[in-house]
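Asker: Here are the chains, one letter per residue:
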Amino acid sequence: MAERGESSEAVMLKKTEEEKLRKGKMIVGDESKAGYEEEGKKVKLVTSDGVTMEVEISIVKEMEIIQTFIGATDTDDSFIFPISNVSSHILNQIIELVKGEYDQELAKKLSHDELKEILVAANYLNMKTLFHFIATAIANVIQNKSVEFVRDFFGIVNDFTEEEEAELRKTNAWAFEGVDED
Amino acid sequence: MTDRISSLPDEVLCYILSFLPTKLSVSTSILSKRWRPLWRSVPAFDLDYPCPNWNILSHPGFFIYICTFIVSQILKQPIQRLRLRTSHFQSRLVDGNVIMSFVRGAASRGTVQHLDLHLYFSTLIDMSYDLACCKTLRVLKLNSVTLAVFSSADFPLLKVLHLSSIHILDGNHVHQILSACPDVEDLKIEIAYKPTFCGYEDINEFKRLPNLLRAVIDKDVVPLEVVCNVQFLKINIKAGDGETSDPIPVFHSLTHLEIMDCYYYYRNNPSIYCHDVFRLLEHCPKLQNLSTDKST
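As they're listed, the protein sequences go chains A and B. Sequential numbering from 1 applies to the first sequence in the numbering used here. Sequential numbering from 183 applies to the second sequence in the numbering used here.
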């Protein structure tokens, strides 16, 4: 949200920066693992619902957990990486987001459950850009929403007593004014 | 799903909170006992909160509370982002010097990467002193302050520098600011006030910024040579600019050019305007888009 006011040029600039970063990574990768870096190559991942998916190497490169695994073992093309924490549906969503260059418009089409699942997946796969993207998208969703909305979104059980909650509201009264009641 | 989200570590939740205005991240303390202390660990503070139902003016306690909290936490918690906008409640509530001592305190851990201050002109920021601990800065945005550089400053990691509606005491300070951030990619320098006859003295003092992609500059305070690597350029030509005979460099990468605010300068000399613009365009071999003031 903090960046909402930025102009389209600034966004353009960010994209060029990201591209540069990505290209930079590729070059480093090329030097260290020459055989592994073929254009258009795919890596097999098996999801929590047992689906084997072939994912482009450029996308797998953002999954640091798999990069660590590749670095630690001798793997060949036939190796299938299990990602037990991510369903095939969510993996497809992630692929769309990466291919769409993390456009916030894409985030608006995601359901609340998808947003949360992608957050869990990004944390598990250690995908830094995706994690940043989805955290800002969730911040936008809960912004200015009522306490009940946010509790519901995160599945939080209110474990305060009525007195405790009233006391908290009194202490920092300014924090609880001006939110939508929906 | 509920279990999966609640099994995430606090750091993940704090990361989400770091994108909310501080007022809202404090309000999540009411969600549950687990959430109650989380906002205190968020490494970002955003004290700019335009909201139709909530006027910061009626809540000076909010500002004081957060400042006190941050200062009390300085030794424990690194602050990465700090955004502060006090222009709407002005010096009536909080003195600019108090704000700057607070900013210095927040910056003293040497972890601030993103600093965004919108204050008021009576606040003097000495970039070499007030921001001395900010060598980690990547984004620096200052709006409506008086800027000075009384000794050398150093921002080796800075990528984005936006100075908007700035008062300067001496034209040479701009040169010192630019020398302090050799890696900057996105530059905006819009001066609202400078003493008369206080442009830059010696064009040779300035060095070209090699990584610059985008620049918005006032023509009389930044020589074109400094920004000649840009892809996007917006030039403000203010009233009263003297004619400079500085050589125009070739803009090899420039694709977008905007020329603004020229009306007062050129209204009596439209032929000079055409001459100057054409002379500039001759130095932009890759230009795709050109826009100018509608008045011209």
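Treat the hints as calculated values from the structure; they're not laboratory data. Take the hints with a grain of salt, since some may be wrong.
[Claimed, not checked] With the Cβ distance kept under 10 Å, some of the chain A side facing chain B (calculated, not the full set):
{"#": "1", "residue": "I65"}
{"#": "2", "residue": "F69"}
{"#": "3", "residue": "F81"}
{"#": "4", "residue": "K116"}
{"#": "5", "residue": "H132"}
{"#": "6", "residue": "I142"}
{"#": "7", "residue": "N144"}
{"#": "8", "residue": "V157"}
{"#": "9", "residue": "N158"}
Ideal placement from N, C-alpha and C gives every residue a C-beta, glycine not left out.
Asker: Hint by hint, note whether the structure agrees.
Answerer: Verification of the supplied hints:
The criterion of a C-beta within 10 Å of any C-beta in chain B is not met by I65 (chain A), whose closest approach is roughly 15 Å, and the hint is violated. Taking 10 Å as the C-beta cut-off, the interface hint given for F69 (chain A) is violated, the closest approach to chain B being about 21 Å. Interface restraint check: F81 (chain A) against chain B, minimum CB-CB distance 21 Å, threshold 10 Å, status violated. Taking 10 Å as the C-beta cut-off, the interface hint given for K116 (chain A) holds, the closest approach to chain B being about 5 Å.
Look at H132 (chain A): its Cβ gets to within about 8 Å of chain B, closer than 10 Å, so that hint holds up. Because the closest C-beta pair between I142 (chain A) and chain B is about 8 Å apart, less than 10 Å, the hint holds. With 10 Å as the threshold, the beta carbon of N144 (chain A) comes within range of chain B, its nearest partner Cβ sitting at about 7 Å, so the hint holds. Evaluation of the V157 (chain A) hint against chain B yields a held restraint, the C-beta minimum of about 7 Å falling below 10 Å.
At its closest, the beta carbon of N158 (chain A) sits 6 Å from a beta carbon of chain B; the interface hint therefore holds under the 10 Å criterion.
Going down the numbered hints, you'll see the structure goes against 1, 2, 3, while the others check out.
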